[in-house]
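Undergrad: Listed below, chain by chain, are the residues.
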Amino acid sequence: MSDWIKRFIPFASLIGLCLVIAVLEPRFLSSGNLASVARQTAVIMVMAMGMTMVMVSGGIDLSVGSMMALAGVTGAFALAGGAPTVVGIATCMAAGAVCGLLNGAAIATLKIPPFIVTLGAMGIYRGIALLVTDGKAVVGLPTKFGYLAEGNLFGILPVPLLIVMIVALAVHFVLSSTRLGRYCYAIGSNVEAARYAGVRVTRCQIIFYLILGTLAGLAGAIEAARLVTGQPTTGEGYELRVIAAVVIGGGSLSGGQGTVVGTIIGALIMGVLANGANLLGISSFTQQIVIGAVIVLAVTFDAYQRRRLETAGS
Amino acid sequence: MVDQMTNRGAALEMRGINKSFAGNTVLAGVNLSAGAGEVHALVGENGAGKSTLMKILAGVYQPDAGEILIDGQQVRFARPSDALRSGVAMIYQELSLAPDLTVAENIFLGREPLSFALLGVVNRREMNLRAGEMLKAHGFKIDPRASIKRLSAADRQLVEITRATVEAKRVLVMDEPTSSLTAHEVEDLFRLIRELKGRGLAIIYISHRLEELDFIADRLTVLRDGRAVYAGAWGEISRAEIIKHMAGRELKEIFPPRLATKGETRLSVTNLTRQGKFRDVNFAVAAGEVIGIAGLAGAGRTELVETIFGAYHADGGEIFLNGSPLHLAQPNLTVARGLGLLTEDRKRTGLCLNQPLATNLTLANLKTLMRGWRLDRKRETAAASEHIAKLHIRPSDPNKTVALMSGGNQQKVLLARWLFADSEVFLLDEPTRGVDVAARSEIYRAINRLAEAGAAVVMVSSDLPELLGMADRILVMRRGRLVAELTGRKTTQEEILRHAAVDESETTGSSFTFQVSS
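Respectively, the protein sequence lines represent chains A and B. Counting in my numbering, the first sequence runs without a single skipped number right up to 1247 at its last residue. Counting in my numbering, the second sequence runs without a single skipped number right up to 626 at its last residue.
One-sided excerpt, in silico: chain A residues whose CB lies under 8 Å from chain B:
# : residue
1 : N1123
2 : A1127
3 : Q1190
Hint data in this document are derived by calculation from the structure and do not stem from the laboratory. Note that CB positions come from ideal geometry on N, CA and C, so glycine has one too.
Could you build the full structure based on these sequences and the hints that come with them?
TA: What follows is the structure in structure tokens.
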């Protein structure tokens, strides 16, 4: 029953939130506005899918915003140099993958806590992005690259939303129906127990960070397409929004818990909150307070659940 | 036949205690009383309600009904500190020490001696001094300045006991205090218990080892399914009757017979060495054979099996599995080659506690459940259900979170993990620690079935009757070396202990008789 409540509470909060905003401001439900919520949250959601995997496995990655910026400028250089769109996107993802691989390798093989490794990586990747661009935006991207962020498939489905759906389905499949996904929960629940059961923990951990890096690269491509430039300063503070999406959606900071569906709801709660506040004319300062409070609430709930589990069965 | 005596001199009386969690009745009208200077043994299978009853006494839980009297005064414990204030202290089965603090800091946690009382400056010198005196008085050789995380499980238990004796003014609860202690340390503990009795403390002593209760218990209460099904003076009923009360049925064979034939050598180690842990260990196990490894805590038994399993690297020597050498052993490789390790510490290295039963059971052999890239959930549930039925795991729901299961059932899940992995060599490290009599018997039966099916079993155990009842051969380790090989059917507990003891002159016949079973 507690499982059921845990799944239901974020979902009910999202529906409730949408209802309240829709009553106060009917424009919220217009298709134009909903599409803009989708576009605004797409970048966060793509990274939150990878973060779900990393956090279920008991890790964390603070460098996602920086990876996204570095990947974005790398791809932008390629595009500005005349590379076709597909190659530009692939370059972004490859750059993100390299960053994620480095994070994962440092965490899994050197046994350094992920918080520390990725805190350092956050500065390093951001620094590299600023250094190679001299702090200036990379311009001269082909205009049709913007389709990745602003285009609509069949005239109605925003392309970023389509990307989110594909990524979400893929990560959901991995987490719920593959060996890697099962190992992810096992490692996050008890890394030593997983190792003693014959799980190749190091390799799995590297893969989780590698996937997150790749998705951060994809997010960087979407962001670069949205801005039609490669911005070395983009994505600052995104790590907190990404982590918050996972936590609000029921992911646990101590690992072993979390689902793709939960994370989507978590990201939507934050996206809807921000959008609704804008529509209602609430200042962005107040928004930060509200979102902060929501995160604390979600973590409190997680801690409460964990305590119940710990005191039971004795 | 619950004894209704109203003990006028009772230091502790619990009357009509009821408790339920989420609709499940865990305790129903339980009475328990203990006089000053009395050791009251509380026995029962896992899940009988012992721990819950004691957590109510310690103020961790509040009863739904019933009352608690200390020296005839009714008390109400809303939180653990209330119980401590009334002089009720508890030694938990799960160690509750702060690993980064020193021994002395743990003993005096919450009541540190102060130099400048107003400023709250801890008088470290006095604290260490007093802790040192206490440990010495109890006969424990532990440095008060040592950090807890550097101590062995046994030493931590002794520190915990020392801390509780400081806190306990009227009642001391000991929940399986000997589970990680050696025969020698148990001896020290029993001496300490007699001393505490002399001080007029009422002691509630929970144990699965009925043998040891002969040496200390004055009274006995048996819990079954949340009810006190028997209460009386110790010795009034036989051990067999106690077991009958615990299980609600007779257990004719705790150690069932085995019809296994010895086959080819499955596992052999030659000159295996790990610096500071064990040296030049040689032995072999054949298919159909169960060998036991005996020794005191710290003799290197756990380190040996963990090294064979590949959890740690050996510094020298070789390991052969089915005749071919294991190089650079790692759990993922050894598991793939048919080795399984039932770990000593199921919470640390065994279970993924917040995951479902099925996940824990199938973790070591998911590859057989794959259809291409996809994990076949239906087949997983079927496989889990099959093993749940085979080992009588309760609750039987494959989706049950293992943290919510009793210790005995958790242990069966881990054994089932290696059964499901089709292991050929089973390394079982303390397979029945903290497991009740009925579950033990089932585990023994499962081990026999394994041997009969041609598996090789290596069983590390501190429970000598268990080794004698199960092992074909018993290897004895002392300070990292194999010092004796005994035949299971012919040897005795005395002989094993004579080889296991670190200093032979320290061990006299009487010091370990408590472990001798009837």
